[in-house]
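Asker: Chains as they are written, first to last, in the working numbering: chain A, 354 to 464; chain B, 91 to 204.
Since the hints were made in silico from the structure, they are not lab data.
Hints are supplied without guarantee of correctness; some may be wrong.
Claimed, not checked - Calculated cross-link-like contacts (lysine to aspartate or glutamate; reagent style EDC-like; alpha-carbon spacing at most 20 Å): (1) A/Lys451 - B/Glu186; (2) A/Lys354 - B/Glu134; (3) B/Lys131 - B/Glu186.
This structure is a prediction, so every number in the text was calculated from the model and none was measured.
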Amino acid sequence: KQEVTQIPAALSVPEGENLVLNCSFTDSAIYNLQWFRQDPGKGLTSLLLIQSSQREQTSGRLNASLDKSSGRSTLYIAASQPGDSATYLCAVPSNTGKLIFGQGTTLQVKP
Amino acid sequence: ETGVTQTPRHLVMGMTNKKSLKCEQHLGHNAMYWYKQSAKKPLELMFVYNFKEQTENNSVPSRFSPECPNSSHLFLHLHTLQPEDSALYLCASSQERGARIGYTFGSGTRLTVV
């Protein structure tokens, strides 16, 4: 049974700092891994999608890496800004259509 | 907007009311999903529809009744809910079940049962 874990659960950093969010999964037979952002009380916004054949994806100040063999993914945020404050979720799909989420990392970037 | 539209954004209902949540996507996706997000809990999958057919019911109480009339629309009919059903209900879609190209989520409906 696939399980997804995110560490840390919460993170508070000063503005401008580079940071790394971690995601681990127990079953390496994944199609892809997706990182989402969720603002309080809002829906999920897709940030990056990494296919199982890829090692990393980049979008602006965000870079996500994937190491299937070790069951890990990281989301790197460069030069963090207060607007980056949100909960970040990673998720992997099962072959029955179920998207399995981690518990999320709640990020606060202080001005 | 992500391409998946949910209405209403907020809903307050009594335990004896009947209401419906609506989800609409025009992304050409064939799979649609309902998720529930309660405070301090991970997202819980409720239902999966693939090409209008329900393929998964994740042990959801019968007071939640989904309907998928076509690949673009998904409804969640609610009746005789309990206060513990108060949560954020999120709709998502993907090209196919178990999507290889990612999921798109709507903004959610914040439901409060009083």
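Asker: If a hint holds in the structure, say so; if it doesn't, say that too.
Answerer: Hint check:
no.: 1; hint: A/Lys451 - B/Glu186; verdict: holds (11 Å)
no.: 2; hint: A/Lys354 - B/Glu134; verdict: holds (15 Å)
no.: 3; hint: B/Lys131 - B/Glu186; verdict: violated (26 Å)
The structure fails hint 3 only (numbered hints given earlier).
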